[in-house]
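**Student:** Listed here are the chains, written in short residue letters.
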Amino acid sequence: VLPGFEGAGVDPRTVRELRLEIEEFHTAYCETLDRGAVAEWPDYFTEDAVYRVTARENVEAGMPVGLVYAEGKGMLRDRAFAVANTEMFAPRYLQHFISGIRILSVAPGAIRAQTNYLLVQTLLDGPTTIHQAGRYYDVFVREAGRLLLKERQCVYDTLIIANDLVYPV
Amino acid sequence: VLPGFEGAGVDPRTVRELRLEIEEFHTAYCETLDRGAVAEWPDYFTEDAVYRVTARENVEAGMPVGLVYAEGKGMLRDRAFAVANTEMFAPRYLQHFISGIRILSVAPGAIRAQTNYLLVQTLLDGPTTIHQAGRYYDVFVREAGRLLLKERQCVYDTLIIANDLVYPV
Amino acid sequence: VLPGFEGAGVDPRTVRELRLEIEEFHTAYCETLDRGAVAEWPDYFTEDAVYRVTARENVEAGMPVGLVYAEGKGMLRDRAFAVANTEMFAPRYLQHFISGIRILSVAPGAIRAQTNYLLVQTLLDGPTTIHQAGRYYDVFVREAGRLLLKERQCVYDTLIIANDLVYPV
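From first to last, the protein sequence lines are chains A, B and C. In this text, residue positions in the first sequence follow the numbering used here: the first is 112, and each later residue adds one. In this text, residue positions in the second sequence follow the numbering used here: the first is 112, and each later residue adds one. In this text, residue positions in the third sequence follow the numbering used here: the first is 112, and each later residue adds one.
No lab work stands behind these hints, which were simulated from the structure alone. Computed from a predicted structure; not experimentally measured. Glycine included, C-beta positions come from ideal geometry on N, C-alpha and C. A portion of the hints provided could be inaccurate.
As the list claims (entries may be wrong) - Derived DEER-like restraints, expressed as beta-carbon distance ranges:
| no. | chain 1 | residue 1 | chain 2 | residue 2 | range |
| --- | --- | --- | --- | --- | --- |
| 1 | A | A195 | C | G115 | 47 to 57 angstroms |
| 2 | B | M186 | A | A218 | 50 to 60 angstroms |
| 3 | C | E151 | B | V179 | 40 to 50 angstroms |
| 4 | B | L131 | C | A150 | 30 to 40 angstroms |
| 5 | C | Y180 | B | G120 | 31 to 41 angstroms |
Let the sequences and hints guide you as you build the complete structure.
**Tutor:** So this is what it looks like as C-alpha cells:
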C-alpha cells in the first residue's frame, strides 16, 4: 500500500456513488489517451496537480521517486506537447482496461481511490501484448461539479524500459 | 473516432443508468459467446441489424469496409449456423473482458455507445494469450423493454489473420 | 455451465443492486490477494465454505474434482498459513481483473453468481503475462449485513502447472 492510501471506513452508499462516478472519470481519461489525444490529457488535472509514475519495487523499498514526475498543470502541458510533437517511438495503439476501483477515504477536499489498470499495446502488424499492469493511486477534488485529479500516482508491476514511459499512463 | 460516433452531451443521470444497463447487455452477449453458444448470438440483434468487424488501421484510413460484414438477422443466423457446424479451426476457449463503456448519444430511437473489449484465447494445453483487443461501436434500440443491437461495429487494434475472424466477436 | 449454476429469472432491479455489491466484494477480495495478504484471505468465506479450483476441461468432461479443494474455514486458514510461510515459488506480483458479473439466482439463503477473472503476473525483472483466465462460480450468503462466500469454484481455461496453484485465486 502506498503511504497515505490506507483505507478508512467510508459509508457504503457514498462508496457506491463515488466509485461509479470515478469509473466514468477513468473511462473518459483512458479514452482520451487511447485515442492518442495527448494534448487533452492535462485537462483531467487541477492546476497544482502532481503526476508520478513509479515501479512497485521502488515503492516497496520506500523509494517513491518515479521515472516520471510532473508538478503543476504547466509541466503536464509541456510533457503532452513534447509527446505530441516528437516521434520518439514506433507507432502503436494503446488500450486501457480498468478494474477494482476502491474508494479509500472521503474528506471535504479530497477523495482517495485506488484502481487496477491494464494497458495493452499493439505495434503495427504485430500481436497485442500487455504493455503495463499497475495501480492508480488517486486524489480527486471536485471543481465546478466535476472530478479532477489533484494527484495521480501510477505504480506499475511490469519491468519498464525508459522508452515505455514516454506516453502518459 | 468512428464517424457517427462522436460524443454529444448526455445528462449524467441518464448516462449512469444506461451504461449499467449496457454493461449487463455486454455481460450476457459475451457469456453466450464464451460458452460457445453461437446459435444464440443473433438474438442480441434486431431484424435489420448491421454487424461489421474492421481493423482500426482501415477505419483511420477512411476505409470502413471490414473483413466481416453482415446485414440483417438472416445473415447473422447463416453465419452462426456455419460457425456452429464446421470445424474450421483448432479447439480453443475464448473469454471477453469489458471496460470503459461510454454513452455517446441518446435519441428516442437509438443509443450510441462505445466499449473496450479484450478477448483472450486458450488453445487446449497452451497458455492464455490476447486474441484481440478492440472497441465496440454500438447502436442500441429498445424493443419490448429489452436492449438490442441495431448496429455493432467491432474495430480491432490487433493484426488479424483471416482464421481469427471465423468466430463472432 | 457448471451444474447448479444455470441462470434463473431474477428481477432486474435486484440484479443491478447485487451485481454492484458483488463487484465491491470482488474488488476487496482481489486487492487482498494482489497485496499478498494471504492471511486475510479466509475472512472472505463462511465457516463451512467450500473452495475449489478446477480446469474447464475437467468440468466439461463431468469431472469437477479440482487440483485444489478446501472444505471449511480451517482448511482455508491452513492453506493460507502454508502459502504465507513457505517460499515455494519465485517472487512475483499478481493482479486481478474482473469483468462480466452475472447474477444467476437469488434465494433467501444463497446468491449464485458467475464472474470472469483475468490474473496477470509479473516475475521480477520480467514482462507481465497472463497467468490464468477463468470464471468464478460463487455462492454468497449474507452474515451480519456482509456478503461472504459459502462456495467459490474457480474454473480456469489456462493450462495450469501444479506450481501455479500454490497461491489462491
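**Student:** State for each hint whether it applies.
**Tutor:** Tested hints:
In this structure, A195(A) and G115(C) meet the distance hint of 47 to 57 angstroms, their C-beta atoms being roughly 54 angstroms apart. In this structure the supplied range 50 to 60 angstroms holds for M186(B) paired with A218(A), their Cβ-Cβ distance being about 56 angstroms. Under the hint 40 to 50 angstroms, the C-beta atoms of E151(C) and V179(B), about 47 angstroms apart, fit the expected range. At about 35 angstroms, the CB distance of L131(B) to A150(C) agrees with the hint of 30 to 40 angstroms.
The hint said 31 to 41 angstroms for the Cβ distance between Y180(C) and G120(B), and at roughly 53 angstroms that hint is violated.
Figure legend: structure checked against the earlier numbered hints; the only hint not met is number 5.
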